[in-house]
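Participant: Take the sequences, apply the hints, and build the full model.
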Amino acid sequence: MTAETSIEIRPVVNGMSHTSIVKPRVTVAEYLRDYLGLTGTKTSCEVEVCGVCSVIVDGLPVSGCAALAADLDGKTVTTVEGLATGDTLSHLQQAFIETFATQCGFCTPGFLVMGTALLAANPQPSRDDVMEYLEGNICRCTGYRPIIEAVLLAAERMAAPQ
Amino acid sequence: MSVLPPFALHRPSTITEALEALSFDDMPLGGGTELLLAMRMRMLRPDSLVNIKNIPELHTLEIDGDHLVIGGAVTHQTAAEHPLVVDQLPILRRVLLEVGNPRIRASGTLAGNLIFAEPKSDVIPILLALDATVTLVSSRGPRNMTIDELILGPYYAAREPDELLSEIRIPLGRVLRAVYLKYQTMERPTVGVAALDHDSDGDVVRRVVIGAATELPVRHDFSPGEPIEGKSIAETMEIVPDIAGSERYKRHVVAIYVDRALAALDREERA
Amino acid sequence: MASQEFSQLFSVARSSDDCWNVLIDVARVSSWVSVVGEVTEHEHLARYSTVLEDRLGPFKLRADLEVLVTAFSEHEFVTIRADGEDRQVGSRITVDATLALAPTDAGCEVRIEGRYEVTGRVATMGASTIRQKADKILSEFMQAATRDLA
Amino acid sequence: MTDAPAVGQSTARSDARSKVTGEARYAFDHAVPDMLFGAVVRSTRPHATIEEIEKDQALAIEGVAGVVTAQDLGDLFPRFGHLIADHPILAIDKVNYMGEPVALVLGETIHAASDGADAVVVRYSDLPVMADMETALAEGATLIHPATYPKGDSAFEEAITEPRDDNVAHEASLEWGDVDAALADAAVVVETTVKYPKLYAYAMEPYNALSTVNEEGLEVITTAQHPFMVRDDLARIFSIPLSKVRVRSPLLGGGYGSKSYTKVEPLASVGSWYSGRPVKVALSAE
Numbered sequence: 001m002t003a004e005t006s007i008e009i010r011p012v013v014n015g016m017s018h019t020s021i022v023k024p025r026v027t028v029a030e031y032l033r034d035y036l037g038l039t040g041t042k043t044s045c046e047v048e049v050c051g052v053c054s055v056i057v058d059g060l061p062v063s064g065c066a067a068l069a070a071d072l073d074g075k076t077v078t079t080v081e082g083l084a085t086g087d088t089l090s091h092l093q094q095a096f097i098e099t100f101a102t103q104c105g106f107c108t109p110g111f112l113v114m115g116t117a118l119l120a121a122n123p124q125p126s127r128d129d130v131m132e133y134l135e136g137n138i139c140r141c142t143g144y145r146p147i148i149e150a151v152l153l154a155a156e157r158m159a160a161p162q
Numbered sequence: 001m002s003v004l005p006p007f008a009l010h011r012p013s014t015i016t017e018a019l020e021a022l023s024f025d026d027m028p029l030g031g032g033t034e035l036l037l038a039m040r041m042r043m044l045r046p047d048s049l050v051n052i053k054n055i056p057e058l059h060t061l062e063i064d065g066d067h068l069v070i071g072g073a074v075t076h077q078t079a080a081e082h083p084l085v086v087d088q089l090p091i092l093r094r095v096l097l098e099v100g101n102p103r104i105r106a107s108g109t110l111a112g113n114l115i116f117a118e119p120k121s122d123v124i125p126i127l128l129a130l131d132a133t134v135t136l137v138s139s140r141g142p143r144n145m146t147i148d149e150l151i152l153g154p155y156y157a158a159r160e161p162d163e164l165l166s167e168i169r170i171p172l173g174r175v176l177r178a179v180y181l182k183y184q185t186m187e188r189p190t191v192g193v194a195a196l197d198h199d200s201d202g203d204v205v206r207r208v209v210i211g212a213a214t215e216l217p218v219r220h221d222f223s224p225g226e227p228i229e230g231k232s233i234a235e236t237m238e239i240v241p242d243i244a245g246s247e248r249y250k251r252h253v254v255a256i257y258v259d260r261a262l263a264a265l266d267r268e269e270r271a
Numbered sequence: 001m002a003s004q005e006f007s008q009l010f011s012v013a014r015s016s017d018d019c020w021n022v023l024i025d026v027a028r029v030s031s032w033v034s035v036v037g038e039v040t041e042h043e044h045l046a047r048y049s050t051v052l053e054d055r056l057g058p059f060k061l062r063a064d065l066e067v068l069v070t071a072f073s074e075h076e077f078v079t080i081r082a083d084g085e086d087r088q089v090g091s092r093i094t095v096d097a098t099l100a101l102a103p104t105d106a107g108c109e110v111r112i113e114g115r116y117e118v119t120g121r122v123a124t125m126g127a128s129t130i131r132q133k134a135d136k137i138l139s140e141f142m143q144a145a146t147r148d149l150a
Numbered sequence: 001m002t003d004a005p006a007v008g009q010s011t012a013r014s015d016a017r018s019k020v021t022g023e024a025r026y027a028f029d030h031a032v033p034d035m036l037f038g039a040v041v042r043s044t045r046p047h048a049t050i051e052e053i054e055k056d057q058a059l060a061i062e063g064v065a066g067v068v069t070a071q072d073l074g075d076l077f078p079r080f081g082h083l084i085a086d087h088p089i090l091a092i093d094k095v096n097y098m099g100e101p102v103a104l105v106l107g108e109t110i111h112a113a114s115d116g117a118d119a120v121v122v123r124y125s126d127l128p129v130m131a132d133m134e135t136a137l138a139e140g141a142t143l144i145h146p147a148t149y150p151k152g153d154s155a156f157e158e159a160i161t162e163p164r165d166d167n168v169a170h171e172a173s174l175e176w177g178d179v180d181a182a183l184a185d186a187a188v189v190v191e192t193t194v195k196y197p198k199l200y201a202y203a204m205e206p207y208n209a210l211s212t213v214n215e216e217g218l219e220v221i222t223t224a225q226h227p228f229m230v231r232d233d234l235a236r237i238f239s240i241p242l243s244k245v246r247v248r249s250p251l252l253g254g255g256y257g258s259k260s261y262t263k264v265e266p267l268a269s270v271g272s273w274y275s276g277r278p279v280k281v282a283l284s285a286e
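Protein chains in written order, with the working numbering: chain A, 1 to 162; chain B, 1 to 271; chain C, 1 to 150; chain D, 1 to 286.
Derived by calculation from the structure, the hints in this document are not laboratory data.
Don't be surprised by glycine CBs; every beta carbon is placed ideally from N, CA and C.
Watch out, some of these pointers could steer you wrong.
To be verified - Chain B is faced by these chain D residues, among others (derived, beta-carbon under 8 Å):
#1 115
#2 206
#3 239
#4 282
Facilitator: Quick look at the structure:
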């Protein structure tokens, strides 16, 4: 079994399937940003602490900076660009606007992806659940309160009968 | 922006294939939550990585006799949510839910955590407290060892370069009650204390394992009713000063958290 | 940062002249150091270079070492300073060592003492792991020396 | 125009929608065709003279387009800095702190540039290390910076001091009223020394700049809070009029003051001047 130095991957990213050849060293964040031009996923700390690189792969939250693009073959990836349906924002995106949960906005993609993953796993999180789940995301502008409010507001709206 | 150094990738689907590829310069890759960071910092520059995530046997999580067996590719989250862990080893679940953050828990593996031997690991102290053992497989056959024997020093596990940690075995039915308390102000804990009452065939032992404050976790066993004082335990420890605090500060925090963990243990009903 | 003093003594059944000639044969002395390779002499009894290669846990170290003879006195002692950097891992090692000779009735006594300092990222390996490694290298040095000088 | 009063009403941020959909583009996200990536080779010594910088191993790496050091800056003004131009773009003859930029490796990809930076070999010889204030201010301590900087810095003439033989960069004392008298009959006199540790107001978006140098002048896309100060520094480096320097700061991914003054724009610009292609330099948190 020889070691591969370039890997063909066929991921589905935000509903679109791609075929790409990547070197093993290419991370998921580099692949999304530089190969697919999806610059919504950011990088900052590069040691899995700040959360700005969060994406969802096969339903699980992943740090794009510390995951290999080579592992995306046959996987489904959701990034911040894939949260809205057409022009209709998700409940969480709408809530972020209303509670002023975004200021400089560089951390917003990460918080939205992790908030979405939380609500998928736990549709009615308590305030403590939200704070604990978002421990792996850093924001330097909002002081976190508006972000927590947004997640709780979105949960409330998602639970209300349409 | 920093990047990973160049490396090739092996993607074996069986343990045998993985073993053929492993060497000092061809390292096993599970979640990569610690390995890839060390590579990015140029602390490690393997020629290739051996991705073990596609090997079915390494994903087992089952009961074997009176042991819980966790495969080498099982992640913290998968183990924490698995019915067998929820029922049989709730303390392990509670500790796993304290590891890193949701992304690290979803990718990082217990075996990878053990092999990387980060001195501030949450997983190592609790597995030490639970008398877990590990199996290291290689072309020379399997080796079994305790956590004590596996963890030699900071970032230094007794795994030979061509060995793979295939499973973790944890004895069941011994824990009467257990707690894990940690004090953490940064990415890694300043101190973590696992305390449990342990009944191995009749004699109950109260065990305290303190992680993160020293190069190796510190374990103390006490007979029931024996007075335990955090301060006297902390005084004997070779505390490592670092960004999380000076030696004096940490010794003080260790003493407090040992006492708090023991007080919590007295109130605790859950195993 | 991991650093420590070291001091060891061993005696040899050879005249101190013999011992002295061996001690100033830098290539031979460096052969007693397990983790160091070929030594290149740039200036006799002044400047040498070599490569330190070793493993510390999972980490591979490879540092180009410059070795300077900082002081020596005929038949008494020679002091060296080795300084090297492993750019890949971002770590640095400095060793100051003195080999001193004292004639005894059975031959001569060799004392090796000095201090090593490891800084940079590999120092995160923890002082005790580095100390264990240093002790191992030192004991290998002693065995090789006594064997070679026997 | 809605007639709802603006006062007392919450109105959404105009850029909120682009930020929650991921469309918002920061300097960090900008790229242009034919762009090279810059990776910085940093000093591994706190204070040392640079004996030699070996480029050939780096230049041999596939995808490495060039290695720039202070010696390659020709007649560019090699320093920048708002009050005093005391920041060498690339270390000149010696390094003053651990991590000071010593060389810039240009690569077709960020990976090639990074591998190139790993392959540049710099030989140093150590100078006395002044790691804390006491050592730096001690009698006869070695000067880290030159005795003074030439008067040519047009920004603040008075900031240029007379030649000094100590490591004091700047001294200021604020007094008013008759201090001695007040102290003399004060009930209590409390005296203290306040030490500030190194501070770094971490902004989520890393420092980065994308610079394109051509005959008409220079355009830089950067995450800067003070684009005009960056423009001043760049105009001085290239000795071109301010009108020929365009500095664009799109949305900032946080700053909090840490993105005041000039950061990596000179590095990216000399990289573009050297290679004739746009150059992007983005730092990592480390």
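Participant: Hint by hint, note whether the structure agrees.
Facilitator: Cross-check of the supplied hints:
Interface hint at residue 115/D: satisfied, since its Cβ lies 7 Å from the closest Cβ of chain B, which is below the 8 Å cut-off. Because the smallest distance between the Cβ of residue 206/D and any Cβ of chain B comes to about 7 Å, under 8 Å, the interface hint for this residue holds. Because the smallest distance between the Cβ of residue 239/D and any Cβ of chain B comes to about 31 Å, over 8 Å, the interface hint for this residue is violated. Taken as an interface hint, residue 282/D checks out: its beta carbon lies about 4 Å from the nearest beta carbon of chain B, inside 8 Å.
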